[in-house]
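Visitor: Residue-level listing of the chains:
2 protein chains.
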Amino acid sequence: MEQLLAIMQLSEQQRTQVKALGINVVTPDDLARKQVNPADISIIYGWHPEVGPSVLNAPHSQLKWIQTFSAGVDYLPLAQIAKQQIVVTNASGIHGPAIAQSILGYIFHFTRGIWTAEQRRPQRFWEQSADDLLVADETSVIIFSTGHIATETARLLHTMNVHVAGVNRTGHPAANFDETYAIDNYQKGLAAADIIINVMPGTPATKGFFNKTFFDQLDHKLLFINVGRGNAVINDALINALDSDHLKYAALDVVDPEPLPETSPLWTNDHILLTQHVSGVVDHLDQRLFPILYDNLKTFVASGEVSRNQVNLSAGY
Amino acid sequence: MEQLLAIMQLSEQQRTQVKALGINVVTPDDLARKQVNPADISIIYGWHPEVGPSVLNAPHSQLKWIQTFSAGVDYLPLAQIAKQQIVVTNASGIHGPAIAQSILGYIFHFTRGIWTAEQRRPQRFWEQSADDLLVADETSVIIFSTGHIATETARLLHTMNVHVAGVNRTGHPAANFDETYAIDNYQKGLAAADIIINVMPGTPATKGFFNKTFFDQLDHKLLFINVGRGNAVINDALINALDSDHLKYAALDVVDPEPLPETSPLWTNDHILLTQHVSGVVDHLDQRLFPILYDNLKTFVASGEVSRNQVNLSAGY
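So the protein sequences, as listed, match chains A and B. Heads up, the first sequence is in the numbering used here, so the first residue is -10 and it goes up one at a time. Heads up, the second sequence is in the numbering used here, so the first residue is -10 and it goes up one at a time.
Any given hint could turn out to be false.
[As the list claims (entries may be wrong)] Some chain B residues well away from chain A (every beta-carbon gap over 12 Å; in silico):
1. N13
2. Q74
3. V76
4. T100
5. R113
6. L123
7. E141
8. T257
[Said to hold, decoys possible] Computed spacing ranges between beta-carbons, pair by pair:
9. A:P250 to B:N229: 53 to 59 Å
10. B:D120 to A:K287: 54 to 60 Å
11. A:T148 to B:P111: 45 to 51 Å
12. B:S233 to A:K287: 48 to 54 Å
13. B:E127 to A:E39: 42 to 48 Å
14. B:D120 to A:T148: 24 to 30 Å
15. A:A21 to B:D225: 54 to 60 Å
16. B:Q276 to A:P248: 35 to 41 Å
17. B:A180 to A:A68: 51 to 57 Å
Source of the hints: derived by calculation from the structure; they are not laboratory data. Beta carbons: idealized from backbone N, C-alpha and C, even for Gly.
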């Protein structure tokens, strides 16, 4: 009988549905109390930085598949997983609405007078005015990525008549984008944008992508948003761009490193909005994620294959 | 020849278009230099607290029509205007997208972790968490008003699968609203909502509408937003609601009085987001407003009637 390790908690009803497929459900507690042999686990639902490797590294491990609770999977030991020929499926699609809505929150923070009002509040200075008041239909956005999250963001921006460009590997067209550019030739799209959004997953190719060379290209841009990975941005290069005429504001939901040390200069720059890696957090994640696990379990039981959200382990997403 | 007083500036091209209709354009400067008799002005485009009344009060005034630059017209001397049988047209429709986008900014400030992050920032405390993280599809909104601004707000919320109720005079159905209630019987709609938004124009009926009796009805509501008029809210009643279990957060773009005095307790309540009557500010107002003036001028010249955005002077909107 296949054993599924539920690091991500299953409700009673979900557990019953899984068992009905002929799959046994065990928990990290069962492992800790040595009631289960880690080598016997074939499926992991969720991940944990200690429990996960204890299964992966068990001699003669039977592990075949990991269903994660996140869209990005860069925190997994992907090289080892690939070597052991383990399948990874992610939570792509779950976090799109939350992140897209967070992005709207960051944009309107700077374009609808919230930033100005908060700057003035300590002085209790009230005057009917604000910096950079813009209606969305007069802004233009470029999103690095045309994946699920980027697509949902573009969809929402389109409902407000924003022009949206996207960047992907080859520049192939993508739903909800007015135009798309290849990652090695995005400059024309960037030149026309006021707002730049990074949604790219964390891979070796995206590490340090937003560096001095990138920011030096910018000419009076309004806003840079990072909801991808913190290490995509070189902090000093971003701060220099804000201190010069390259860029006016930044909103960073992810930073490098996390947690952000007290000594980081990101804290003290009042042109940076900092949130705390929560843009993708959804309530009732368990209910939103289970359908992906369950669809995959059904085909896994029947054929040993998964049907949804399989990660390309060499690309990393 | 009809004389139009352009308090709101006309571009050269707009001025040419107006003159081509056989209308003479004069400016407040012309009035100040006594090159024009205020009694000869028949149309005012825009408004100014001194220039406007100088025309309205001129003996034997020929004033027939005022085209304002705002949706609300409560700053005009409406009783006198009605008595002199002057037509008022407003800028309804112009500010809808800006205000709807501002409202999204206020909602996501509290539901996507921005508020929490800003509370923690002075302590440089970074932890991957935030209060009240919600995805829009799990919130329910009630909007007091089903006019242009409310309709655009409901449209945007619908694109994120928010359930939206509206309140109007009779409870008649309105585009983009899932359900509507009459202003004297809205309690069922209110009970189901997490977020309450006031978009009502300033009239004698809305003054003090959000008072102790109103807030006492609320049971753990998430957010109250006011983009209508400041005097619709009794400040002490709102603060009491926030200090008890009735309401968690408020976002106020309009306050009573404006400018908000330094001594107001609204400044010191950190559960209140304050912006400065900028939710409806649009860039290039002159370009967005002129089509309304121009459409009205064409029918005014032909028949003495306006065709768009006439205000009901007894209702006040």
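Visitor: Evaluate each hint against the coordinates.
Guide: Structure-based check of all given hints:
1. N13: holds, 32 Å
2. Q74: Per Cβ check, Q74 (chain B) is outside 12 Å of chain A; nearest 32 Å; holds.
3. V76: The claim holds: V76 (chain B) sits with its nearest Cβ about 27 Å from chain A, beyond 12 Å.
4. T100: Non-interface label on T100 (chain B) violated, nearest chain A Cβ at 8 Å vs cutoff 12 Å.
5. R113: violated, 4 Å
6. L123: violated, 6 Å
7. E141: violated, 10 Å
8. T257: Non-interface label on T257 (chain B) violated, nearest chain A Cβ at 9 Å vs cutoff 12 Å.
9. A:P250 to B:N229: 53 to 59 Å: violated, 41 Å
10. B:D120 to A:K287: 54 to 60 Å: Given range 54 to 60 Å: violated, Cβ gap about 38 Å.
11. A:T148 to B:P111: 45 to 51 Å: violated, 36 Å
12. B:S233 to A:K287: 48 to 54 Å: At roughly 50 Å between Cβ atoms, K287 (chain A) and S233 (chain B) fall inside 48 to 54 Å, so the hint holds.
13. B:E127 to A:E39: 42 to 48 Å: The hinted range 42 to 48 Å is violated for E127 (chain B) and E39 (chain A), with Cβ atoms some 32 Å apart.
14. B:D120 to A:T148: 24 to 30 Å: holds, 28 Å
15. A:A21 to B:D225: 54 to 60 Å: Holds: the Cβ-Cβ distance is about 55 Å, inside 54 to 60 Å.
16. B:Q276 to A:P248: 35 to 41 Å: violated, 47 Å
17. B:A180 to A:A68: 51 to 57 Å: holds, 55 Å
Going through the hint list in order, the structure does not satisfy hints 4, 5, 6, 7, 8, 9, 10, 11, 13 and 16.
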